[in-house]
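Please model the entire structure based on the sequences and the hints provided.
Chains as they are written, first to last, in my numbering: chain A, 4 to 132; chain B, 4 to 132.
Read the hints as simulated data drawn from the structure, not as lab findings.
One should not assume that every hint holds.
It does not matter which identical chain is used: a pair holds within one copy or between any two.
Claimed, not checked - Using 30 Å as the maximum straight-line C-alpha spacing, the simulated BS3-like pairs for lysine-lysine come out as follows: (1) K94 / K131; (2) K17 / K28; (3) K94 / K28; (4) K124 / K61; (5) K131 / K17; (6) K131 / K13; (7) K124 / K17; (8) K124 / K13; (9) K124 / K94; (10) K131 / K61; (11) K61 / K94; (12) K17 / K61; (13) K124 / K28; (14) K61 / K13.
These numbers come from a predicted model, not from an experiment.
Number of protein chains: 2
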Amino acid sequence: MTDSWLESIKWDEKGLIPAIAQDYKTGRILMVAWMNQEALQLTVTEQRAIYWSRSRQKLWRKGEESGHVQALHEVRLDCDSDVLVLQVEQKGGIACHTGRESCFYSVLRDGQWEPVDPVLKNPDDIYKG
Amino acid sequence: MTDSWLESIKWDEKGLIPAIAQDYKTGRILMVAWMNQEALQLTVTEQRAIYWSRSRQKLWRKGEESGHVQALHEVRLDCDSDVLVLQVEQKGGIACHTGRESCFYSVLRDGQWEPVDPVLKNPDDIYKG
Numbered sequence: 004m005t006d007s008w009l010e011s012i013k014w015d016e017k018g019l020i021p022a023i024a025q026d027y028k029t030g031r032i033l034m035v036a037w038m039n040q041e042a043l044q045l046t047v048t049e050q051r052a053i054y055w056s057r058s059r060q061k062l063w064r065k066g067e068e069s070g071h072v073q074a075l076h077e078v079r080l081d082c083d084s085d086v087l088v089l090q091v092e093q094k095g096g097i098a099c100h101t102g103r104e105s106c107f108y109s110v111l112r113d114g115q116w117e118p119v120d121p122v123l124k125n126p127d128d129i130y131k132g
Numbered sequence: 004m005t006d007s008w009l010e011s012i013k014w015d016e017k018g019l020i021p022a023i024a025q026d027y028k029t030g031r032i033l034m035v036a037w038m039n040q041e042a043l044q045l046t047v048t049e050q051r052a053i054y055w056s057r058s059r060q061k062l063w064r065k066g067e068e069s070g071h072v073q074a075l076h077e078v079r080l081d082c083d084s085d086v087l088v089l090q091v092e093q094k095g096g097i098a099c100h101t102g103r104e105s106c107f108y109s110v111l112r113d114g115q116w117e118p119v120d121p122v123l124k125n126p127d128d129i130y131k132g
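Structure (structure tokens):
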């Protein structure tokens with residue numbers, strides 16, 4: 004049996020929906036990833052962000068390797084029912100695989116993308132083995 | 004001639020990239036829409052959000068009908084180069100066609116999507132004729 008709140012989502016042709024993870028306190032946009040039905044269901048059940056990795060074609064329990072879990076505070080859906088916003092608490096303060104708080108660390112300045120946010124932790128120390 | 008900052012973007016198979024519009028002061032996520040190369044170039048040149056409407060297959064100068072223009076403050080790109088964040092000043096305080104501040108007005112509560120944000124203006128009064 005499928006829950007009706009899952010059915011009201013407009014999944015794309017691959018059965019996915021993009022999810023924007025936002026820091027629930029500061030409002031900082033941390034990252035964008037994808038979810039299939041199972042990922043969203045698990046996210047709600049376990050109250051932590053679980054995505055669908057398109058490159059690896061499997062569930063991606065955010066933080067399973069790095070410890071940078073995203074604890075769920077709220078899920079919102081937009082008026083077209085095709086984008087989600089997750090209000091999360093970012094454990095460790097790092098969402099990006101580069102060791103930065105947010106994946107959106109490049110700003111357009113004078114016709115160039117300039118990385119403006121600090122690397123908080125060396126990626127080699129985040130992903131061991 | 005194409006600017007190199009446009010070339011470093013990973014456009015999808017349709018030549019588009021999703022853009023998240025965020026209120027530059029409050030951090031509220033207002034909406035998500037799409038841009039092609041021309042839309043992004045115009046957005047930067049005119050310093051206001053100009054999207055590509057997938058349904059109408061033409062440029063969409065946000066606010067051209069409603070007056071709810073999004074003045075541009077900053078453009079950011081993520082680590083995968085496939086999502087943009089626009090920091091904007093939302094004129095009129097309404098981004099959504101339903102007359103709400105944000106398109107993300109539905110919250111998941113007890114297995115249901117509940118609209119929790121007020122309609123600030125009747126859509127009939129926003130889109131006349």
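Going through the hints against the structure:
1. K94 / K131: within (18 Å within a copy, 47 Å between copies)
2. K17 / K28: Neither way: K17 and K28 sit 32 Å apart in one copy and 35 Å across, limit 30 Å.
3. K94 / K28: Cα proximity of K94 and K28: in one copy and across copies (13 Å, 24 Å).
4. K124 / K61: Intra 26 Å, inter 43 Å, cutoff 30 Å: intra-copy only.
5. K131 / K17: For K131 and K17, neither the intra-copy (32 Å) nor the inter-copy (37 Å) Cα distance is at most 30 Å.
6. K131 / K13: between (37 Å within a copy, 28 Å between copies)
7. K124 / K17: neither (34 Å within a copy, 36 Å between copies)
8. K124 / K13: between (37 Å within a copy, 26 Å between copies)
9. K124 / K94: within (13 Å within a copy, 38 Å between copies)
10. K131 / K61: within (20 Å within a copy, 47 Å between copies)
11. K61 / K94: within (22 Å within a copy, 41 Å between copies)
12. K17 / K61: Result: close both inside a copy and across copies, 13 Å intra and 25 Å inter.
13. K124 / K28: For K124 and K28, both the intra-copy (21 Å) and inter-copy (28 Å) Cα distances are at most 30 Å.
14. K61 / K13: Close inside one copy (21 Å) and across copies (22 Å); limit 30 Å.
In summary, the structure is inconsistent with hints 2, 5 and 7 from the numbered list given earlier, while agreeing with the others.
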